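Engineer: Chain by chain, the residues:
There are 2 protein chains.
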Amino acid sequence: MDKLAKSPANYVPLTPLTFIKRASKIYSDRTSVIYAGVSFTWRQTYHRCCRLAYALRSCLNVVKNDVVSVLAPNVPALYEMHFAVPMAGAVLNAINTRLDAKNIATILRHSEAKVLFIDYQYVPLASEALRLLLTGSNDGNSAQYAMPLVIVIDDVDKPTGVRLGSLEYEQLILHGDPRYPGEDVEDEWDAIALNYTSGTTSEPKGVVYSHRGAFLSTMSLIQGWEMGTEAVYLWSLPMFHCNGWTFTWGVAARGGTNVCIRNTTAKEMYKSMSQHKVTHMCCAPIVFNILLEDKPHERYKMESKVNILTGGAPPPAALLEKMENLGFHITHAYGLTEATGPALVCEWQTKWNQLPKHRQANLKARQGVGILTLADVDVKNKKTMESVPHDGVTMGEIVLRGSSIMKGYLKDEKETAKAFHKGWFLTGDVGVIHPDGYLEIKDRSKDVIISGGENISSVELESILFKHPNILEAAVVAMPHPKWGESPCAFVALKTSGTTTESEILDYCRRKMSKFMVPKKVEIVKELPKTGTGKVQKVELRKIAKSLQISNNTSPNYQQTRYQQDEVHDQDKLHAISRL
Amino acid sequence: MDKLAKSPANYVPLTPLTFIKRASKIYSDRTSVIYAGVSFTWRQTYHRCCRLAYALRSCLNVVKNDVVSVLAPNVPALYEMHFAVPMAGAVLNAINTRLDAKNIATILRHSEAKVLFIDYQYVPLASEALRLLLTGSNDGNSAQYAMPLVIVIDDVDKPTGVRLGSLEYEQLILHGDPRYPGEDVEDEWDAIALNYTSGTTSEPKGVVYSHRGAFLSTMSLIQGWEMGTEAVYLWSLPMFHCNGWTFTWGVAARGGTNVCIRNTTAKEMYKSMSQHKVTHMCCAPIVFNILLEDKPHERYKMESKVNILTGGAPPPAALLEKMENLGFHITHAYGLTEATGPALVCEWQTKWNQLPKHRQANLKARQGVGILTLADVDVKNKKTMESVPHDGVTMGEIVLRGSSIMKGYLKDEKETAKAFHKGWFLTGDVGVIHPDGYLEIKDRSKDVIISGGENISSVELESILFKHPNILEAAVVAMPHPKWGESPCAFVALKTSGTTTESEILDYCRRKMSKFMVPKKVEIVKELPKTGTGKVQKVELRKIAKSLQISNNTSPNYQQTRYQQDEVHDQDKLHAISRL
Numbered sequence: 001m002d003k004l005a006k007s008p009a010n011y012v013p014l015t016p017l018t019f020i021k022r023a024s025k026i027y028s029d030r031t032s033v034i035y036a037g038v039s040f041t042w043r044q045t046y047h048r049c050c051r052l053a054y055a056l057r058s059c060l061n062v063v064k065n066d067v068v069s070v071l072a073p074n075v076p077a078l079y080e081m082h083f084a085v086p087m088a089g090a091v092l093n094a095i096n097t098r099l100d101a102k103n104i105a106t107i108l109r110h111s112e113a114k115v116l117f118i119d120y121q122y123v124p125l126a127s128e129a130l131r132l133l134l135t136g137s138n139d140g141n142s143a144q145y146a147m148p149l150v151i152v153i154d155d156v157d158k159p160t161g162v163r164l165g166s167l168e169y170e171q172l173i174l175h176g177d178p179r180y181p182g183e184d185v186e187d188e189w190d191a192i193a194l195n196y197t198s199g200t201t202s203e204p205k206g207v208v209y210s211h212r213g214a215f216l217s218t219m220s221l222i223q224g225w226e227m228g229t230e231a232v233y234l235w236s237l238p239m240f241h242c243n244g245w246t247f248t249w250g251v252a253a254r255g256g257t258n259v260c261i262r263n264t265t266a267k268e269m270y271k272s273m274s275q276h277k278v279t280h281m282c283c284a285p286i287v288f289n290i291l292l293e294d295k296p297h298e299r300y301k302m303e304s305k306v307n308i309l310t311g312g313a314p315p316p317a318a319l320l321e322k323m324e325n326l327g328f329h330i331t332h333a334y335g336l337t338e339a340t341g342p343a344l345v346c347e348w349q350t351k352w353n354q355l356p357k358h359r360q361a362n363l364k365a366r367q368g369v370g371i372l373t374l375a376d377v378d379v380k381n382k383k384t385m386e387s388v389p390h391d392g393v394t395m396g397e398i399v400l401r402g403s404s405i406m407k408g409y410l411k412d413e414k415e416t417a418k419a420f421h422k423g424w425f426l427t428g429d430v431g432v433i434h435p436d437g438y439l440e441i442k443d444r445s446k447d448v449i450i451s452g453g454e455n456i457s458s459v460e461l462e463s464i465l466f467k468h469p470n471i472l473e474a475a476v477v478a479m480p481h482p483k484w485g486e487s488p489c490a491f492v493a494l495k496t497s498g499t500t501t502e503s504e505i506l507d508y509c510r511r512k513m514s515k516f517m518v519p520k521k522v523e524i525v526k527e528l529p530k531t532g533t534g535k536v537q538k539v540e541l542r543k544i545a546k547s548l549q550i551s552n553n554t555s556p557n558y559q560q561t562r563y564q565q566d567e568v569h570d571q572d573k574l575h576a577i578s579r580l
Numbered sequence: 001m002d003k004l005a006k007s008p009a010n011y012v013p014l015t016p017l018t019f020i021k022r023a024s025k026i027y028s029d030r031t032s033v034i035y036a037g038v039s040f041t042w043r044q045t046y047h048r049c050c051r052l053a054y055a056l057r058s059c060l061n062v063v064k065n066d067v068v069s070v071l072a073p074n075v076p077a078l079y080e081m082h083f084a085v086p087m088a089g090a091v092l093n094a095i096n097t098r099l100d101a102k103n104i105a106t107i108l109r110h111s112e113a114k115v116l117f118i119d120y121q122y123v124p125l126a127s128e129a130l131r132l133l134l135t136g137s138n139d140g141n142s143a144q145y146a147m148p149l150v151i152v153i154d155d156v157d158k159p160t161g162v163r164l165g166s167l168e169y170e171q172l173i174l175h176g177d178p179r180y181p182g183e184d185v186e187d188e189w190d191a192i193a194l195n196y197t198s199g200t201t202s203e204p205k206g207v208v209y210s211h212r213g214a215f216l217s218t219m220s221l222i223q224g225w226e227m228g229t230e231a232v233y234l235w236s237l238p239m240f241h242c243n244g245w246t247f248t249w250g251v252a253a254r255g256g257t258n259v260c261i262r263n264t265t266a267k268e269m270y271k272s273m274s275q276h277k278v279t280h281m282c283c284a285p286i287v288f289n290i291l292l293e294d295k296p297h298e299r300y301k302m303e304s305k306v307n308i309l310t311g312g313a314p315p316p317a318a319l320l321e322k323m324e325n326l327g328f329h330i331t332h333a334y335g336l337t338e339a340t341g342p343a344l345v346c347e348w349q350t351k352w353n354q355l356p357k358h359r360q361a362n363l364k365a366r367q368g369v370g371i372l373t374l375a376d377v378d379v380k381n382k383k384t385m386e387s388v389p390h391d392g393v394t395m396g397e398i399v400l401r402g403s404s405i406m407k408g409y410l411k412d413e414k415e416t417a418k419a420f421h422k423g424w425f426l427t428g429d430v431g432v433i434h435p436d437g438y439l440e441i442k443d444r445s446k447d448v449i450i451s452g453g454e455n456i457s458s459v460e461l462e463s464i465l466f467k468h469p470n471i472l473e474a475a476v477v478a479m480p481h482p483k484w485g486e487s488p489c490a491f492v493a494l495k496t497s498g499t500t501t502e503s504e505i506l507d508y509c510r511r512k513m514s515k516f517m518v519p520k521k522v523e524i525v526k527e528l529p530k531t532g533t534g535k536v537q538k539v540e541l542r543k544i545a546k547s548l549q550i551s552n553n554t555s556p557n558y559q560q561t562r563y564q565q566d567e568v569h570d571q572d573k574l575h576a577i578s579r580l
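Protein chains in written order, with full-length UniProt numbering: chain A, 1 to 580; chain B, 1 to 580.
These are computed hints drawn from the structure, not numbers from a lab.
Quick caveat, the model's predicted, so the values are computed rather than measured.
Treat the hints with caution; some may be incorrect.
It does not matter which identical chain is used: a pair holds within one copy or between any two.
[Claimed, not checked] Straight-line distance between alpha carbons at most 30 Å, and here's what the computed DSS-like set of lysine-lysine pairs gives:
(1) K305 x K277
(2) K422 x K21
(3) K526 x K6
(4) K351 x K21
(5) K64 x K543
(6) K512 x K158
(7) K6 x K418
(8) K411 x K6
(9) K102 x K271
(10) K21 x K382
(11) K351 x K271
(12) K3 x K383
(13) K102 x K483
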């Protein structure tokens, strides 16, 4: 047995790059990418990737392991770069477009990006980031760092002429060679992508994916979601989130069609669904609100069910039910950047179809079961690393192991070592395992509220608050309490249609939850403070909660704590996702 | 990038063993295996596997890389051994039950099997094989070889008491420990299974699979066939054929139900489909005849469509159409033992639904496109190793590369080296690539008939002959010809219902094919000669054809050339598969 050696015929590095080569051969004339008035076939997309990869190598001197960064919305160029950059042997770094110039400069410096692609819309933001990088106003280290080459991605449908320097994406494509096959992947452990976490509590960390991990995650997700061939995938989820939860690569694997949109408004999404007969889309549950609160004239007729994979936050049962009634079929997933996107999928069981709707919604809100390429998922007592019983009650830290987990954090041995513990990746999330083996998140470790020795899950409280007919957003944090140590403090934003008082909400809580769980304080606010990536800033809420405890009479000016207040607009709602 | 090292959390060997551990956790109460009056849940099946693995290690002293052979029909024990044997660190060798004692003895000797499990039904055959092994009557080498430990698998539903020695499967299970977690897979390149090719032209070769290859093939096939969760899989395909085309592992991956049957008669199959609401089954096209020619009282009502994955021989268009009319949905795959079963799947395209039925059937009869875990599939000129144009006409050898290709042939460096050529695995099959990228087999290399410099595909001729209303089986081989070098000679077996003469068939051929392709000779026979695995013995037919050429007036007594004539019965039809 042992004498049989690996050969190039029977041991080929696993990489998502095989998906596009395959698509170019067998789905050659199928539509690969649609964006506004432009569309491509798989043959064309592949040739554009070959050209770009060639141009990166020959015109821009990109070599193996170089980082190629990009700041762009879901346009065809960003899709193509998911293949072209690794085909050039380089590592794709898709930057979150909601970040401010300072954060972007930090990422460019830390990743040592050799090239930076900028969508025309983000030229002002990128210019400011480059200025910070150049002047070193950030940390004074600019002298040691070479500036990235800048290439503007003009709009491929309606070119604007906006430039920053002389290079433009389509010109680069023209310089390339469509016959260039790309560099061989020498080792499937080689890096393919670099994604920065948003870092609510610390500096952003650079999560590195291997070709192997990306390939396996992609396989698992098209599997776990049962995404068939000829899927029409709407890009409502930003591709910069874990490479679009791997569906950048996955749509190529299935020979599907990518429907790219620049803005994720209700109108744009409904229009795309109707026009292109969308079958699949991913989004955070907060997008459900956008889709449900659309204006009647913005809604187009959906001809068939649209499958939604949602994650990032447990979808409130009430929202799930409303969405299903509208004709969406929702699957809930859980994951995190470090796990190459979704790591668990709430796999539906036929027998659940017979349950009442609200019970179904509760089951669907659970995080579910590990995807097929994860070697194992467990919930463990963090101190003893012993597995919790499958009782749906005992909480522990959710831990994962498998080849779809990141390689580690770039240039951060300390954080990498902290993340990997005794053969497991620690998610930092707290959950339980139900008797049927399905996992349910109860909280982020740091978001657990310990009141009088009882663990209170802020997620659980938020989920109950969400069910209140007038509540749009809710977040619960710990507030210092002289007697109980900590007690829950709730922040809620109301729907435009409804009015409610703090005492009415407290009454509601008393009816719906155990006494010890009832928030000691409910603050009604206009909108919850969020990070540039749209995550609720619990750190800020905790500060406010602390001040509330000291002086209950002063209403906090929480608006001033807002991060990037000027950038908040509808689209931010898209990204209010806790982990993905 | 390069500094990020592998750790047990993010680099876990790929193995199908993760599928059953996962199934035991999340599908624990679902039915895993049904056989006659017996059924198990996934928790039970897993625990039985743990017990067996433990017993193999502790009672039978099995150690890493030991070969554990088994001679059994599709009973639960054979299914369980697909997990239990590798859990013990050993290599599963499921032997084709249609082989004769001499061949079985050869396999036991060559594989150095340490343990041999024998289904009670095969005790006489196995006894004879063991006798040959012991007396060395085969090649006189017995002295160098230790006899395998023998364990009888009695019928789990209705125990018969048949024994060969003292050990019995269920007793072994009882001796095991359900908490034994199995040996760790240290390296995904380690062997998991050993499957012998049937060797129509040479000695059987031992094809070795790695855990990695088995994992990846399984992932691809449940994907390529779009097998959803909760599938009910009927074991009409023997598990000893490439480990049931990987569905032994695949059904566990999807949390499906295995319906095991001992006999693949029409009655048994229809009854299982109806009783257990079967959703999926695999078989060779020859099984279509069994299902179509059933007696009316044997047919049970099928409540919903049954998906069939077929392969081994291109399914004749006429048969496909009849089967679809009966309520079967057929997907065609192509593969071979060396590729861990199916390597290409004829992925259906929605637009084809609008074509006329016969055109659809022709498209479906093509071998299709590479599965997702194959790095590449191509058709190449064997001399130059250049790819043929995608014109549907130019023939070349079908070549594959990827991690689902076998490790190699056990203890056969020469054949292994021959199979791997310039980074490709040579299938020995001849095909074309159509403009849409779909591949179609034209012939086995050695089955191409070269007549007057023209390549004639015997498969193509057979396919035309199959369409004749009175023809049940057809095989075409080369016959020496004084003028053309070679010319086609057809052997046909007629349906019980029909009568036809040679000249009528020749007339039919003249109407349906190019002149140079028309067989120079048509022999009507009662049944085609087949190997123990049911493959048509073209070697034998060639001998007959040669004699026909010399003396056209002597009708050959082809029955005497038959291999294992006494073993031929209905079930053999199941295995008349050219490659899988």
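Engineer: Each hint: holds or not?
Structural biologist: The hints, checked one at a time:
no. : hint        : in the structure
1   : K305 x K277 : both (9 Å within a copy, 26 Å between copies)
2   : K422 x K21  : between (38 Å within a copy, 20 Å between copies)
3   : K526 x K6   : neither (62 Å within a copy, 47 Å between copies)
4   : K351 x K21  : between (40 Å within a copy, 22 Å between copies)
5   : K64 x K543  : neither (45 Å within a copy, 58 Å between copies)
6   : K512 x K158 : neither (53 Å within a copy, 56 Å between copies)
7   : K6 x K418   : between (35 Å within a copy, 15 Å between copies)
8   : K411 x K6   : between (32 Å within a copy, 15 Å between copies)
9   : K102 x K271 : neither (36 Å within a copy, 69 Å between copies)
10  : K21 x K382  : between (44 Å within a copy, 23 Å between copies)
11  : K351 x K271 : between (35 Å within a copy, 24 Å between copies)
12  : K3 x K383   : between (43 Å within a copy, 29 Å between copies)
13  : K102 x K483 : neither (42 Å within a copy, 84 Å between copies)
Comparing the model with each earlier hint shows violations of hints 3, 5, 6, 9 and 13; every other hint is respected.
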